[in-house]
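Take the sequences, apply the hints, and build the full model.
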Amino acid sequence: MKSVPIQKSLSYVGAFDPERTLFDSVMPLTRGTSYNSYLLQGERKTALLELVKDDEKSFNQLISKIKSALPKERMKIDYLILHHSEPDHVLVEYFDKFLELFPEITIVGSPQVLVNFEEIHNRNDLKTITITNNLVLRLGGYTLKFLVAPLLHWPDTAFTYCPELGALFCCDVFGAHYCCKDVFRDKIVEKNDLDALMLERKSYFDIIFMAFKKQVRSFLERLKELKALDMICSSHGPIIRGSHVKEVLTLWQQWSAPIERENKVVLAYISAHGFTEEMAKEVKSGLESVNKGEIKVVFLDLVDSESTNRVMYELTTAKGIIFGTPTIMSDAHPYVWKIASSMNPLIHGNGQLLGGVFGSYGWSGEACSNITQRFVQLRLKVVKPLQIRFRANKEQKMVLRQWGFNFGKVIIGKSAINSKFELGIKKNKLKFNKIIRYEKLTMIENNNNNMKTHSNNNSQVRLNKIQNDRRLRLWKCLICGEIVESATAPNFNCGGCGASSEVFVCIGFAKNGDGNGKQDEQDKISSGYNGHIIVVGASSGGVSAVKTIRKKNKKVKVTLISGENHMPYYRPYLTKILENYEKVKDPEFQLLTEKWITDNSITFMKNAVVTNINRKKKTIEVRTREKESINKKFTLSTSNKIHLQYTKLILATGSNQRLPEEKTYLIPKMLSKKKKKNIVDNTLNEGTSSKKNVFGLRTLDDVDEINTYIKLNDSKSAIVLGCGPLGIETIDSLQKFGIERIYAINSNKTIASSRLDSIGSQVVEKIVKKKGIKLFLGYQLIKILDNKTKTSKLQKKMKKKFAKVNVDNDKQTAKDLAKGIAIQSIKIDENELIFIESDLIIFALGVFSETSLAKKAKLNTNKGIIVDNKMQTSDPSIFACGDCIEFNYYNDRSWQHAIETGEVAGNSALNVNHTSTFIRMVPPYSIIAFGINIFSTGNISNEKLESIMSISDNGMEYLRLFFEYEESEAIISGGIYIGNNINVIVDLKKFIISREPFKRSLKRLINFYHQKRKSKKLNFLPNNGSQNYDSLFEENSILNQTSDSTTISDNNDNSTVDIDTDSQLILVELFPNIKSLIISNQGIQAFKQFLETEYSEENIEFWNEVEQFQLLKDGHENQEKIAKKIYENYIAYDSPKQINIDHFTRVKLTEKIKQKKLTSSMFKNAQNEIENLLQRDSFPRFMISKKAEKLIQEKRDLKEKLDQQELKEID
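The end of the sequence shown is residue 1211 by full-length UniProt numbering, with every number in the run present.
Since the hints were made in silico from the structure, they are not lab data.
You can take every hint at face value.
Pairs of lysine to any residue, SDA-like flavour, derived with a Cα cap of 25 Å:
#1 Lys57 with Leu101
#2 Lys127 with Leu101
#3 Lys338 with Thr308
#4 Lys711 with Gln735
#5 Lys736 with Leu777
#6 Lys213 with Trp252
#7 Lys770 with Ile982
#8 Lys576 with Gly772
#9 Lys8 with Phe102
#10 Lys214 with Arg379
#11 Lys224 with Phe737
#12 Lys736 with Leu775
#13 Lys583 with Gln896
#14 Lys774 with Asn954
#15 Lys769 with Glu579
#16 Lys1190 with Thr1093
#17 Lys224 with Arg201
#18 Lys618 with Thr559
#19 Lys1137 with Val1147
#20 Lys213 with Glu262
#21 Lys45 with Phe102
#22 Lys858 with Arg893
#23 Lys1137 with Ile1122
#24 Lys214 with Lys264
#25 Lys281 with Arg389
#26 Lys736 with Ile710
#27 Lys547 with Thr647
Keep in mind that this is a model prediction, so the values were computed, not measured.
Take a look at the structure:
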């Protein structure tokens, strides 16, 4: 078959399958389908975009069309571009034949595509290039750019764009299962064919992309940025070109539009004897009584065959789903299961629907709990089910109506779901059900058998086997600091930041979490403490202290004082609120709710400032904070003043933003005859200037004022003073808000210099400049200018020239507005002032600890309030926590630091002899700005530290690892990463905490996060900042270069470990996959020893025991005993060596054990899951470990021994 020319140098080489009637076993087809593949020939290189289905017919079509398109003298393909790793696009069985024809081909795909592709084909010898948003391939005359687009519809998806052709190669997006042998959409003209195409398009979208509508909308917005879009080349269906491009974009825009959910509940029931139907009618009555019929009830009897489709249709706009089902044969009715199993967590879950179940039962009653578990799997918000034995009586019918009424109140937002929410009926002999919330909807049981514990010795992490002691442990997310309680390692994503479960480390046991409800003696002292604890400050530290106190002691009086007129909120989120003010309504933004404060009997004082502490009388003076109407300054009320008595006081006064005092503006001494004034150290230093367009950015009020000003004045330009972390995030948020021109001023010559090294700062500088931000690095502010400012007078006084930036000479500003700023280079020889004009000015100059109240009370202070490891100050009755403290000469200021010190302060206020103490860890620095992660952790400032580093070719990704020596072994002590690979950040944090040996951690970074590409010798830096940014592009890079060997510095005597190509080839030849390794006696022993070093040997032990178990014949006298032993050791929920397998696999095995349905193959699925886990996770690490090297040497020794023996026999 011949290829089809599309445009010059671009050909269609895909395969047609017109007879196909079912796709992926779920999609019925009426017009067959096509597997589209495209060949683009440049002057120097040729690229093949996409592969076809893995069968002989499709493969032969592909090869014959490629051969017809390529000239005989150039029968070569340089790049194979894979847009995702779905098996119908990767030639599973026929890839080896394809590779024989085109042996020099390089695979191009996203990081996970390359990993999946290698696993599908069981090979790791392929040449690869990783797709990023910045990757560009030049073919000669044609350029290929890439758009990373996860979840369209696979997590690893990326697309290709050719600007010269205006062509988008977009995999499954915009496709349809429609076999068109004319290839092009504009060739389809018959009405019947057009109708069929439309039906297939809509069906294709509904089945594949309905769950990813948000991602579709986002992608459609990104397409607007393309230079031209003249042609869409998808992987299925006809090619779209010309006017039909707009047609398909419009259709997808309509189909992906968000659906507004109504106050509607779908109540679907089925009844065997009429009892469940009676219950359904009572629940319906309760729902309809909410707010006089505000809730629409779709009442469906599932006996009607059309009801199933109706349920799925109504759920697209409903807020709730209620099933009514009797228990039949110990389970829910099959019709109910059919609908429940058709629901999808991506479409219906994540809090979109509220679910409830009721039903009648006669004996066992499992139906409701089984469907509730299904709702939990679907990630619905769930209420506890309501069951009645046989038929409801009069009182029970009242309960049913109340249950429906309360369900409806939750739907309209008039009631919350929580464990204390009762049905509200008079208490009598009835057993009342409560509406409950599943805190972690995806977590039914823990499947991870390892725990990670936090040790006081060097803050090291050790992996230990979990004993079946049922004690609750505290698990901390390494990314955002979220802390959860669980007896075993969490198997769910972090609720705070969404990171995967592997980021959790154990930091100790939960208090009162011993499983038997007993308290230790210290907890008894804490819970019995009486008095009045006052907490001053309602940010992270203060809130953490209050929560800790109330958790331990329900009776002690607690007062929380806040200087702001808001509920406590998540301060690091402020720049995101500036970007989109609607996010202020996000529940995650609130640290405490009014309901929690009321339920826990906390006295909360807003808009209140503590002005004095009388330590002898143990009282504090509190005044109301008032805002002047004329300007933005805050003052304290002179009349509204009260005194409060305390028994224990916790100061969580936080930190203040560095702001220049009005009319000084950091004027150099050469300008001012008076002594330069210090920045005011006062909690009321919130007004930056009397000018209405000059702002600080520290509080929610600041964000509100900036947001309001920009909207009212249609501001287009802004000046940001400060390029530290706050400044970078502010610049990013302003740009996303719509500010067109942004000028960033920084007195330091580098960006974020306290958090990054000089090279990292320059990488960030390049990123910022690329976004169109005008940077003035190494400049200091001279004066804020307005209409009255005489620039000539200032120029004369400074004896400097005056350059102007963004100046509109005709523009006049109001008297109460700043017109711009004057800045001067810190270089002595710069003979110039620069005047920058803008619509608003924002100060983002960092923060300093608020200590004025402590100083006034004569507590010991330095940079902060000095505390010990119990957070106790120099006064035994006063404690401090958060940004305001200084501990062991360190004045750390981070959100997680405040939370941890707040917990200790709360414990100590209840009982100073409590075992809870603070252990300092270097707080990491992590922000996301301009779509890039900027991260540093550990010790990066010591110039004596040795390090290695790498930077990408485009200068936009940077990694640097710092190490020190412990007993001649190199240990990772710090790291910097700028880029988009979250796994690097997770591992860096783990390496720092665990003090992992440098060589092992470095190997892992190379092997896993850079697609197993071996590097040249790593760039070795003897000290911090010894290399110039520009020269790095001439050096070798572990992120981008490839070579035959990797040399890694191991210790301070310069010995090295070489992972040479010969050894790797021997390993791959001997053990191409995990199976070949573990069926070998030597291999399995070496692999088990390796797993023991990772504390995960239970996986291979389970695999081996199952392998032995399968040798037993069914009915063997020991079969039951051995099966039970395997189950109790590895499968059961409380097993000491619990392995990580699928929930349904575990449930099925549990049922088989209970019902004694034993077969030799009963553990096969679980064994396969563990084998796949080892192949994906442990096997690659083993292949670069010392155990693998030792195994190679043993094989070589054995071969030499056999060779010598053979020679003797010949002699």
